[in-house]
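Student: Below, each chain spelled out in residue letters.
Protein chains: 2
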Amino acid sequence: MRDHFEIRDHDAAGRIGRLEVPRADVTVETPALLPVVNPNVLTVEPERLRTEFGAEMLITNSYIIRSTDRIRDRVLSEGLHDFLDFDGAIMTDSGSFQLAEYGDIDVTTAEILEFQRRIGSDVATPVDVPTPPDVDRDRAERELETTERALADAEAAETGEMLVNAPVQGSKYPDLREAAGRHAAGTDLDVFPVGAMVPLMNAYRYADVVEAVMAAKRGLDPDCPVHLFGAGHPMMLALAVAMGCDLFDSAAYALMARDGRYLTVSGTEHLEEMSYFPCSCPVCADHTPADLREGDDDRAERLLAEHNLHVTFEEIRRIKAAIRDGTLLELVDRRARGHPAMLDGYRALLDHADQLEATDPVSKDAFFYTSHEAARRPEVGRHHDRLAWLETPDDLLLTESKPPSSHDHDAVWRVKPPFGPFPRALSETYPLTAEVPERVDAAAQTAAAEGVRRLVEANPETAITLGHDGWAETALDRVPDRVAVDDLRDLGR
Amino acid sequence: MRDHFEIRDHDAAGRIGRLEVPRADVTVETPALLPVVNPNVLTVEPERLRTEFGAEMLITNSYIIRSTDRIRDRVLSEGLHDFLDFDGAIMTDSGSFQLAEYGDIDVTTAEILEFQRRIGSDVATPVDVPTPPDVDRDRAERELETTERALADAEAAETGEMLVNAPVQGSKYPDLREAAGRHAAGTDLDVFPVGAMVPLMNAYRYADVVEAVMAAKRGLDPDCPVHLFGAGHPMMLALAVAMGCDLFDSAAYALMARDGRYLTVSGTEHLEEMSYFPCSCPVCADHTPADLREGDDDRAERLLAEHNLHVTFEEIRRIKAAIRDGTLLELVDRRARGHPAMLDGYRALLDHADQLEATDPVSKDAFFYTSHEAARRPEVGRHHDRLAWLETPDDLLLTESKPPSSHDHDAVWRVKPPFGPFPRALSETYPLTAEVPERVDAAAQTAAAEGVRRLVEANPETAITLGHDGWAETALDRVPDRVAVDDLRDLGR
Chain F
1 MRDHFEIRDH DAAGRIGRLE VPRADVTVET PALLPVVNPN VLTVEPERLR
51 TEFGAEMLIT NSYIIRSTDR IRDRVLSEGL HDFLDFDGAI MTDSGSFQLA
101 EYGDIDVTTA EILEFQRRIG SDVATPVDVP TPPDVDRDRA ERELETTERA
151 LADAEAAETG EMLVNAPVQG SKYPDLREAA GRHAAGTDLD VFPVGAMVPL
201 MNAYRYADVV EAVMAAKRGL DPDCPVHLFG AGHPMMLALA VAMGCDLFDS
251 AAYALMARDG RYLTVSGTEH LEEMSYFPCS CPVCADHTPA DLREGDDDRA
301 ERLLAEHNLH VTFEEIRRIK AAIRDGTLLE LVDRRARGHP AMLDGYRALL
351 DHADQLEATD PVSKDAFFYT SHEAARRPEV GRHHDRLAWL ETPDDLLLTE
401 SKPPSSHDHD AVWRVKPPFG PFPRALSETY PLTAEVPERV DAAAQTAAAE
451 GVRRLVEANP ETAITLGHDG WAETALDRVP DRVAVDDLRD LGR
Chain X
1 MRDHFEIRDH DAAGRIGRLE VPRADVTVET PALLPVVNPN VLTVEPERLR
51 TEFGAEMLIT NSYIIRSTDR IRDRVLSEGL HDFLDFDGAI MTDSGSFQLA
101 EYGDIDVTTA EILEFQRRIG SDVATPVDVP TPPDVDRDRA ERELETTERA
151 LADAEAAETG EMLVNAPVQG SKYPDLREAA GRHAAGTDLD VFPVGAMVPL
201 MNAYRYADVV EAVMAAKRGL DPDCPVHLFG AGHPMMLALA VAMGCDLFDS
251 AAYALMARDG RYLTVSGTEH LEEMSYFPCS CPVCADHTPA DLREGDDDRA
301 ERLLAEHNLH VTFEEIRRIK AAIRDGTLLE LVDRRARGHP AMLDGYRALL
351 DHADQLEATD PVSKDAFFYT SHEAARRPEV GRHHDRLAWL ETPDDLLLTE
401 SKPPSSHDHD AVWRVKPPFG PFPRALSETY PLTAEVPERV DAAAQTAAAE
451 GVRRLVEANP ETAITLGHDG WAETALDRVP DRVAVDDLRD LGR
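Here the protein sequences line up with chains F and X, keeping their order. Sequential numbering of the first sequence, starting at 1, is according to full-length UniProt numbering. Sequential numbering of the second sequence, starting at 1, is according to full-length UniProt numbering.
To be clear, the hints were calculated from the coordinates, so they are not data collected in a lab. Because the structure is a prediction, the values reported are computed rather than measured. The beta carbon of each residue, even a glycine, is placed where N, CA and C say it ideally should be. Honestly, I wouldn't trust all of these hints.
Said to hold, decoys possible - One side only, chain X facing chain F, incomplete, derived with CB under 10 angstroms:
1) Ala-207
2) Pro-278
3) Ile-316
4) Ala-321
5) Arg-324
6) Arg-334
7) Ala-336
For reference, chain F alone in the conformation it holds in the complex (with noise of 0.2 angstroms):
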């Protein structure tokens, strides 16, 4: 295990964890929401999303505080916390995202991360090149070495307690962000950011951030706390646990809120052209739109950051019961509803099945089949890959049915869409005991077909004999022609 990192439970690659941060001396439930604190605009006081929003962490930005003389002094002689008024732990940026914004910034690694020792910051982060997704890819690797001498400088710099991030980059390729994972799990650094995702997640490109995030993750070692840089829609916050992501940062709450905008699950709204608040939290529960249209603006603005905190918690508390419950990819299907490119990160993280496979659990609640992309779950994999070690006899029959009253085969075995056949001594273990629709979809089919192809294969020997209760043509397509095919409907059963 990684020092400062305990992984509790799993599902798919989602955990619940632990991160102890030494210097505040206080461990961090991940996933964790850190409400990102403009240290010249308190828009909600830090005291308040520790009590009354159940924030443990936060993060603000060490090179603006160093750059604005106003507080520089102040927050070097109180502290940190102090001059926030927190006494949870606190992240601190480094300046690299002005760096990716303005291009030139004037400070190092060695004399950030000094500066952050000095504040009295519990996580800091050295000085890396966010490069954006779209660029060629000299300049990622060239910038991706500029990253890597700066976490080399991290390790060599005087941290104390103080954790400290390792950055992953590498663009839009995949290649460039697992060996910068690599790399990055090789240093004695604490936490992974993975980094320069914003424009991506700005445009929706909600398929290349799960290309992205997946790739690093395959470089990163499983116990590294990952941090998704500048992640805080709760729209996507499923979907980026889902990948194996612990960390995230919120300012789209008060961005958001300063130009009226509500956000959601499914999301984001704008207070302008909203007749109904479809939330209880206190602000909803309390108010209506229009109430906040006719107050002042202000109080309109601190009444939807509230408001955008609430659902941003929620979600995340949401996501940690849906781990402990084994029901993290059902939410992440209900998630992909909320837009078009939801749906598009969700097939996109359903490509890498396996890699999901390797954490989730063997056995779990239920399995909940509630759309064609979960014909492309883990569990439907790993059952087709378990069908080649199961025995079978020397004639089969396999059955979407109940087995027929007298037959002539040597053992019948039910077939289940979209897992396939299975002996019944399987038929009370997860995730066989999924519920399913009645009206059963061709993707659960062809999944099916799938599974009997798997097992056929693997049993040259057998004969089989398949009963199916009306497979679409893509699904029959996939059944080897070697296995005697009977449509159950025309057989009247």
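Given chain F, work out where chain X should sit, using these hints.
Tutor: Just chain X now, with coordinates in the frame of chain F:
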């Protein structure tokens, strides 16, 4: 328009309406959730239901009041509103539920209506027969006749300003449900409960619920306010509203709380097994599951009931917002992922896309393609119908990609799954401005191919070429043979 009901906004078959309740002198906005108040046990005081949760109407049981010596005389002398301390509208049930549960009650429609009038009910109910779902047809017909006699008795009764329910029965026989709806709409009664749905809902038979309700709706007039009797689980409210139901009642909030159950929009949780509250209502923002388990049972029951009400009223507001925004079917699509049985319900609903289409607005903000099921939404079928009316030139290229820079066709039309082809002039109109995922699925391609087929069949003289972006075989099978088909991927475009 029906006297007391006015429809303001439509989406699919759902609507926002205003039900005038003259005896209470209030107008109730629909969809409305009526908390069920047990006159013997006030889990949450009616006045709080109004002020804290926004209940404009509640429902209680006149048969229980009439049969309970302890309260009957008090209610008769004080009147129902003072007895309950509630100044919104009050609907009363008649004892039909007790009839269904216990087989016999000692009151006639004339008697119970008179009793309801005397206690000051605002919306009364005759003694109908809630025929359960799986009875034989003879019984369903016989009991429906009894229900229809009860409606005649209700029409004959002296009811003054009090509105009266006209329940629609018919068990699981769609033709009986439709006939019952037509008969009820032909009376001068006011509100139309679709009855005996509880056994189906308790068994998660949502597809059967959809068939029964859609059949009743075919018989009822569009301007009839419809009450889905016994439906109060937030998971299914969006589906029910999309079918055109306007009123709902929830006993679930209190009954579930008594059993330690916690409602969510995607199912029911058990307090005993919860680690986190996936909600930010005032109860969940202030407590953890452990807090509730540690306190005394009455407190836990009351707080669970309050949460259950919050999440239910929140969903009602979310549904109203969705109708206003034209995104109700997107919401139903999301809710369909809560349980495979909900997915069955949604798939059943889409079997009736034509029925939804009748009231679905021609123009909305944006169509979000968020699942394979979305390919069957009414907007897709409407576009296909429209294709038959469009003028075509002699030689037409349909292409999923950009038009080629040079070509010999008379015109080039875009093809967009799931809609199919359309001329440039329509490209900025709903639903062709749809947001669709980049990872297109076979369901969308097949629906687009159906659009091509409709255009081709309506224009037998037009030469048509189709350029598609790697469509699935199932989609290409639907394109008529006389269309010249190019796979744009092969052409390197």
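Student: Taking the hints in turn, state whether each one holds.
Tutor: A quick look at each hint next to the structure:
1. Given hint, X:Ala-207 at the interface with chain F, holds; its Cβ is 7 angstroms from that chain's nearest Cβ, closer than 10 angstroms.
2. With 10 angstroms as the threshold, the beta carbon of X:Pro-278 comes within range of chain F, its nearest partner Cβ sitting at about 3 angstroms, so the hint holds.
3. Restraint check, X:Ile-316 versus chain F: the minimum CB separation of about 9 angstroms is within 10 angstroms; hint holds.
4. Given hint, X:Ala-321 at the interface with chain F, holds; its Cβ is 4 angstroms from that chain's nearest Cβ, closer than 10 angstroms.
5. Checking X:Arg-324 against chain F by beta carbon gives a least distance of about 5 angstroms; that is within 10 angstroms, so the hint holds.
6. Below 10 angstroms, beta-carbon pairs count as interface contacts, and X:Arg-334 has one with chain F at about 4 angstroms; its hint therefore holds.
7. The closest approach between the C-beta of X:Ala-336 and any C-beta of chain F is roughly 7 angstroms, which is under the 10 angstroms cut-off, so the hint is satisfied.
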